[in-house]
Amino acid sequence: MADENTQEFWNWQETNWASPDINWENGRYITVGIDVGSVSSQAVVMVDGEMFAYGNMRTGSNSPDSARNALRFALEKTSLTADKIHYLIGTGYGRVNVPMADRTVTEIACHAKGANFFYGPTVRTVLDVGGQDIKVIRCDEKGKVTNFLMNDKCAAGTGRGMEVFSDLLSVPIGDVGRRSFEVDGEPPPVSSTCVVYAKSEATGLLRKGLSTNEVLAAYCSAMANRIYSLLERVGVEPEFAITGGMAKNRGVIGRLTRKLGLEPLKTKWDTQLAGAAGAALFGYALSRQGKGRK
Amino acid sequence: MITAGIDCGAKNTKTVILKDGRIVGRGMVLTGFVQAAAVNESLQIALKDAGINECDLERIGGTGSGANAIAEANFRVNDIKAIVTAAHFFFPHSRTVVDVGAEESRAVKCDENGAVVDFAINEKCAAGAGAFIEAMGRALETPLEQMGNLALSSDNPIPMNAQCAIFAESEVVGLIHAKVEKRDICRAILDAMASRIVSMIRRIGVNPDIVILGGVACNPGFVTALKRDLSLDSVYVPELPEYGAAVGAAVIAAAEAK
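Just so you know, the sequences run in chain order A and B. Going by my numbering, the first sequence opens with residue 1, and the numbers climb by one from there. Going by my numbering, the second sequence opens with residue 1, and the numbers climb by one from there.
Since the hints were derived computationally from the structure, they do not count as laboratory data. Please note that the accuracy of each hint is not assured.
Here are the simulated lysine-lysine pairs, DSSO-like style, with alpha carbons at most 30 angstroms apart [unchecked claim]:
#: 1; chain 1: A; residue 1: K153; chain 2: B; residue 2: K258
#: 2; chain 1: A; residue 1: K248; chain 2: A; residue 2: K144
#: 3; chain 1: B; residue 1: K179; chain 2: A; residue 2: K153
Example chain A residues on the side facing chain B (calculated, C-beta under 7 angstroms, incomplete) [said to hold, decoys possible]:
#: 4; residue: R58
#: 5; residue: G60
#: 6; residue: K153
#: 7; residue: C154
#: 8; residue: S191
#: 9; residue: T193
#: 10; residue: C194
#: 11; residue: V195
#: 12; residue: V196
Short, incomplete list of chain A residues facing chain B, as computed with Cβ under 8 angstroms [claimed, not checked]:
#: 13; residue: S61
#: 14; residue: F73
#: 15; residue: Q132
#: 16; residue: A155
#: 17; residue: R207
Here a beta-carbon is modelled for each residue, glycine too, at the ideal position from N, C-alpha and C.
Please build the complete structure, drawing on both the sequences and the hints.
Structure below.
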């Protein structure tokens, strides 16, 4: 049995995958996107613009190592070796520290491109809720960015804020969404914006007799409100898609879409991969244009 | 004439007993969950400290975020008025009063009579309040009392990039892993804190002399960082700055009783 005191409630499962249908040896261009985020790092390997393999893991204290580890993890289930890669693009918060990158592209551009690929060309608004920031990106039918807004100053509404709560309430982060709906009636949202104060507020709510699930509901709803106010500032044009880790938390997303009155598009892919997939697609486009490495 | 001022704050509840314009007793307890109990406890400690009976108090003024829980108070005064009054009580020449508490911070501009001209408050974000230093102290495993002097012993300024207390905590852990000296990290924390308070002061205009009140003013590293950031020497801290708002309430009580 896991020790209550050492269990890392905020931690999530690291995953990797390789396509059983694609033989990389038949491909013309093998391109890789590595997204080194503040909390998670992903490597996506594409063969001629099609998903071939990926690895998704926690970012370590050192960005170059995180990039290398993510790539190794992605290639683990394939027979592909790193020297066969035609083009590698680094993106994300730690993109300047991806040592093998031929080029870097901002994560804003990559998320728009990745969302266009994951959700189709009808996507006009992409919400990316990552570990330490929230971005609202407007894009055209080619996945090109037309406008964006970002909060990277404050933990409120980001994945990190949710991690703090899952730790505080000893609820594994993957269970937060489900449990937040196991309540009788929706409690009022946590009123503090700052995560530090929201923590004290939550402790107060528990003392007042609210159940853990009710406090989760109150926080998910506060987070949904926070994200909603950012979306409102840019304006949401359908179709609407959500990328990043928070897209998996239906406690927040369910409440957000109810407020928006708009269902987000669905994808079979892991939403955390959008940035890295976008980067790999940029690599593919550059390879086809015969653009040299930089 | 004997009056009392009670400041029920987010973290601590403080009581000051004022007799003929002099502070004769004081008491401070953690506010905890039951504010009313903390209020009474701090009052009893202050009365004992002063050697005065509760029935000798002519008037009691209440202030702070928990002012409504002060049943003993004859009247309540808002924290802005309380700190300006206290600043003028200690330093009649003050024109700007800064109060940095556990969960809120305020900067107030006042005239020569101690009347409020303008003010700015931060009550939304822990990055500009004592809670920030506390959280960093936890990450650094350093008691708050030591942080100030450690910071003063550092001559190596390093920037903190994170604004948010939650992100800054990760940054501090990163600095520890990068083997940055503890005193340099302490300085970085207090410098960052000071720069946020300074930007709040700038919103109302830097108007010397500046008086700093609130628990964070007990931290000499913070006060030095603030002076450095403002490039100003005329920054004054009274003895026991954490009692600031309580002193203000007691002074107003005395003025009302006259």
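Taking the hints in turn, this is what the structure says about them:
no., hint, in the structure
1, A:K153 <-> B:K258, "violated (50 angstroms)"
2, A:K248 <-> A:K144, "holds (25 angstroms)"
3, B:K179 <-> A:K153, "holds (25 angstroms)"
4, R58, "violated (13 angstroms)"
5, G60, "violated (10 angstroms)"
6, K153, "holds (5 angstroms)"
7, C154, "holds (5 angstroms)"
8, S191, "violated (11 angstroms)"
9, T193, "holds (5 angstroms)"
10, C194, "holds (5 angstroms)"
11, V195, "holds (5 angstroms)"
12, V196, "holds (4 angstroms)"
13, S61, "holds (5 angstroms)"
14, F73, "violated (22 angstroms)"
15, Q132, "holds (6 angstroms)"
16, A155, "holds (4 angstroms)"
17, R207, "holds (6 angstroms)"
Figure legend: structure checked against the earlier numbered hints; hints not met, in rising order: 1, 4, 5, 8, 14.
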